[in-house]
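Q: Sequence:
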Amino acid sequence: MSLASFGGGVDPRRRKWFSSSTLVYVDIYIYIIYTNIIIILLLTDFLLSTPNGGGLSTSQVYNLQGMLRVVGA
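Taking my numbering, the leading residue of the sequence shown gets 793, the next gets one more, and so forth.
In case anyone wonders, no lab produced these hints; they're calculated from the structure. For glycine and all other residues, C-beta sits at the position ideal for the given N, C-alpha and C. One or more hints might be untrue.
[Claimed, not checked] Derived DEER-like restraints, expressed as beta-carbon distance ranges:
hint, residue 1, residue 2, range
1, Gly-858, Ile-820, 31 to 39 Å
2, Phe-838, Gly-858, 12 to 20 Å
3, Leu-860, Val-816, 14 to 22 Å
4, Tyr-854, Ile-822, 34 to 42 Å
Given these sequences and hints, build the entire structure.
A: And the structure:
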C-alpha cells in the first residue's frame, strides 16, 4: 500500500475516509481515558477504605461512574 492511498492522495473520498477513521480512533482514545479514570477511582476507593468507613463509599463511586458515562458516552 502506497502512502498516497493512505490519505495523502488527491482522491477526496480516500481523504474523507481517512479523517473519519481518525475520529473513530479519537473516540476510542477518549473512551480508554474514561475507563482508566473509573479504574483509578475504584482502586483509590479500595485503598482508602478503612474499617471505620473512610474513603469514598461504593455508592459514591457508582455515582461518579454514572456521571462519567453520561459525559463520555
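Q: If a hint holds in the structure, say so; if it does not, say that too.
A: Hint-by-hint comparison with the structure:
Remark: the range hint 31 to 39 Å for Gly-858 to Ile-820 is contradicted by a beta-carbon distance near 21 Å. Checked against the hint of 12 to 20 Å, the C-beta distance between Phe-838 and Gly-858 comes to roughly 19 Å, which is consistent with it. Remark: the range hint 14 to 22 Å for Leu-860 to Val-816 is upheld by a beta-carbon distance near 20 Å. Checked against the given bound of 34 to 42 Å, the beta carbons of Tyr-854 and Ile-822, roughly 21 Å apart, lie outside it.
In terms of the numbered hints stated before, the structure departs from hints 1 and 4, listed from lowest to highest.
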